[in-house]
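Asks: Residue numbers (the numbering used here), protein chains in the order written: chain A, 9 to 428; chain B, 9 to 428.
These are calculated hints, taken from the structure and not from any lab test. One or more of the hints may lead you astray.
Heads up, the list lumps identical chains together, so a pair's fine if it works in one copy or across two of them.
Simulated pairs of lysine to any residue, SDA-like, Cα-Cα distance not exceeding 25 Å [as the list claims (entries may be wrong)]:
hint : residue 1 : residue 2
1    : Lys216    : Gly45
2    : Lys418    : Asp57
3    : Lys405    : Glu415
4    : Lys359    : Arg422
5    : Lys34     : Lys262
6    : Lys326    : Leu92
7    : Lys405    : Asp57
8    : Lys261    : Ser198
9    : Lys326    : Gly280
10   : Lys326    : Asn89
11   : Lys216    : Ser324
12   : Lys37     : Lys405
13   : Lys418    : Leu17
14   : Lys262    : Glu236
Number of protein chains: 2
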Amino acid sequence: MRTRYYNALILAGEDREVREGEMWVKDDKIEAVVFDGRKSEELFDSEYDCGGNLLMPSLKDAHTHTAMTFSRSLADEFELNDWLFKAIFPREAKLTAEHVYWFTLLGFAENIMSGTTACFDMYMFPESVAKAAVEIGIRNVFCGSPNDFGGMDLIEERYLRFNEYDPLVSYKMGFHAEYTTNKDNLQIISDIAHKYEAPVYTHISETKAEVDGCIERYGKTPAVVLDEMGMFDFGGGGFHCVHFTDEDIEIFKKRGLYTVFNACSNLKLSSGIAPVKKYIDRGLKIAIGTDGAGSNNSLDMFREMYLDAVLSNVRSDKDGLIDPFDILKAGYSGGAHCMGLSDSDILAAGKNADFILLDMHHPNMNPRNNIVSNIVYAGSPVNVLMTVCAGKVLYHKGVLTTVDINEVNKMCSRLVEDLI
Amino acid sequence: MRTRYYNALILAGEDREVREGEMWVKDDKIEAVVFDGRKSEELFDSEYDCGGNLLMPSLKDAHTHTAMTFSRSLADEFELNDWLFKAIFPREAKLTAEHVYWFTLLGFAENIMSGTTACFDMYMFPESVAKAAVEIGIRNVFCGSPNDFGGMDLIEERYLRFNEYDPLVSYKMGFHAEYTTNKDNLQIISDIAHKYEAPVYTHISETKAEVDGCIERYGKTPAVVLDEMGMFDFGGGGFHCVHFTDEDIEIFKKRGLYTVFNACSNLKLSSGIAPVKKYIDRGLKIAIGTDGAGSNNSLDMFREMYLDAVLSNVRSDKDGLIDPFDILKAGYSGGAHCMGLSDSDILAAGKNADFILLDMHHPNMNPRNNIVSNIVYAGSPVNVLMTVCAGKVLYHKGVLTTVDINEVNKMCSRLVEDLI
């Protein structure tokens with residue numbers, strides 16, 4: 009199956025350049041990105057007129073808890089600790105595989121409609137999540153989430169099983185957080201990571217209280233404690249990374265770890281503002297995530313990118329403005345590399361056909377003084393005309409093609425009642 | 009012309025309640041909002057099935073410079089002072105009535121597509137703005153903008169002329185800012201405001217440097233200086249209000265002035281974070297604006313509402329979370345009252361038919377644990393299915409009905425070249 013996407017503006021993604029061109033897709037891969045007007049020697053099965061709109065790599069949500077759509081706009085009155093212990097954990101105790109399947113579908117539907125084709129998901133009932141991902145056609149990378157409350161015995165089994173499950177599904181080592189995982193369990197995780205030479209990912213330095221607690225326990229910050237245990241010997245990354253010391257930054261730099269920003273969640277839960285500019289200046293690898301819908305409350309990567317570009321402007325220690333292209337690239341490429349999807353990062357021959365078409369005729373994209381700035385500072389899901397993952401059109405002009413959203417809404421509306 | 013909007017969820021807007029019902033519109037007014045199933049005695053000219061989606065009052069952009077769409081994504085590398093003096097002012101010097109007409113149309117198109125039906129606009133070439141407003145069908149309230157560089161001789165003439173121009177157009181007294189207007193000129197403005205018993209509006213305490221400068225000049229903050237001159241004897245309001253002292257807050261309280269938040273602009277220009285929660289707790293009247301596209305870079309009131317609900321969470325002096333309904337109400341009602349459009353505030357018999365239809369089937373509005381929270385924390389222009397102003401449908405399912413957006417984009421693309 010060969011499809012030609014023509015009459016397009018193209019941000020291929022290696023750099024910030026936007027050029028007129030066309031893209032040829034064969035099955036699930038990009039066959040060619042064409043800027044020189046050359047013609048294909050073979051016939052296409054279908055041709056799509058992009059109408060002068062923008063083809064660019066799709067967005068990658070590098071930290072989420074997809075099924076937490078169940079908790080959207082629930083308990084908005086709590087800060088992180090109370091929100092977790094009073095509102096979320098009691099409800100999570102009632103979740104079944106069926107709940108997670110439907111609420112994950114709901115989350116994936118929102119991801120797809122806002123231009124995201126891959127999620128780095130940390131949650132429960134992975135069978136339900138994997139089933140939902142394959143059915144709807146999105147890439148799901150699991151991030152292991154064991155902690156003292158469960159999951160320690162499943163690390164290897166899940167790692168091996170879900171890395172063989174389906175081309176759309178993969179699995180990375182991880183754990184919930186230092187503050188929910190004792191040192192014996194952390195050592196077990198580090199040992200398994202060494203056995204497989206695997207990168208490891210975790211929530212880290214999300215709140216000041218978390219860092220203070222770790223220092224009280226061990227006299228060191230979470231990044232130091234974990235690094236000293238060999239946790240990051242094969243890379244990985246941290247989610248949130250709001251409250252890093254210079255030493256933490258150096259560890260992330262030395263180990264090549266990804267800092268994954270979750271600005272909306274950090275605002276809503278009063279966790280603070282990550283020093284995005286400082287991390288970029290120090291050369292850290294960056295990616296962007298939405299966190300779960302319970303603490304966001306949307307799964308809108310455009311809003312995240314916007315905030316990552318402007319929010320740290322109001323930190324007292326800021327030293328200059330952020331280049332919006334750094335943020336956009338983190339959104340489509342940094343996230344891909346962070347979660348091991350290096351073939352989904354940019355538009356180029358041989359890469360995965362994971363891309364979006366953005367409406368350049370919407371007033372918010374005009375005039376075109378700077379297309380990258382327009383996308384980062386003014387773009388929103390309203391600009392997403394089409395979302396394609398592995399060559400398959402998952403969304404086009406308001407219609408989800410692989411899921412009945414009304415059925416999903418109806419099921420979620422019914423199932424959320426079980427959790428009260 | 010009588011139209012029935014049925015099969016709807018309705019947030020009428022007096023309180024946070026959302027109920028099933030229907031709304032009857034006669035010409036430019038709301039005839040009835042019906043929750044009890046009663047039938048109309050007369051026939052309707054047309055009936056619209058809302059499909060279970062949400063009717064609510066439209067949003068009001070209570071501080072903007074609409075034509076500044078010309079500067080969207082231009083000079084993103086500057087902070088406020090450099091941005092104004094190096095990038096904006098030199099280009100503004102080249103603007104003509106034609107530029108302002110087309111760039112205002114572009115801005116209005118974006119306003120309408122994101123659910124806004126009234127703009128409190130402070131800019132140049134008011135004839136162009138008024139013409140654009142009446143043509144596209146949006147309400148435009150001018151905010152006078154004289155300062156030491158011009159406009160002082162036009163205050164009364166414009167005030168009288170544009171308050172008689174068209175039902176969609178009105179004019180409020182105002183001036184650019186204390187730091188651009190000397191005391192003689194400020195006194196003239198105050199005197200004219202007294203003559204007409206008119207409220208007065210201005211940029212105020214947007215940056216710390218502005219406040220420091222005023223204290224250096226007069227030994228007092230801008231709010232104190234202006235209030236002592238009688239500027240606010242008949243009410244009015246301030247745009248930005250980021251750096252207020254307790255005394256400033258008391259003046260705004262005592263005079264019943266509106267504080268108009270512009271969170272996106274304040275982030276982008278590194279101006280700071282307004283203490284939204286503190287102002288609400290002290291009982292100040294609040295409204296929300298986008299500021300111009302040059303410093304935002306969008307005109308998206310959903311993003312503003314979201315930020316006003318969460319951003320001040322990360323201020324060190326915050327004392328509790330913000331009720332999202334306070335913010336939503338500021339978005340549709342506070343803004344209306346701020347700019348003198350008290351008949352456009354809520355959905356009720358006799359009020360102006362200024363409303364929007366929000367897509368409740370989009371995944372970001374599900375499940376419906378709390379519809380108000382969903383709108384404020386997860387809503388975006390992607391949810392706007394329809395925008396109606398003065399009974400007229402200006403936007404419906406992706407299509408602007410009163411303007412050819414491709415022509416506007418084309419003209420703006422050409423005209424922006426003149427300004428370089």
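Asks: Check each numbered hint from earlier against the structure, then list the numbers of those it violates in ascending order.
Replies: When the structure is compared with the hints, numbers 1, 4, 5 turn out to be violated.
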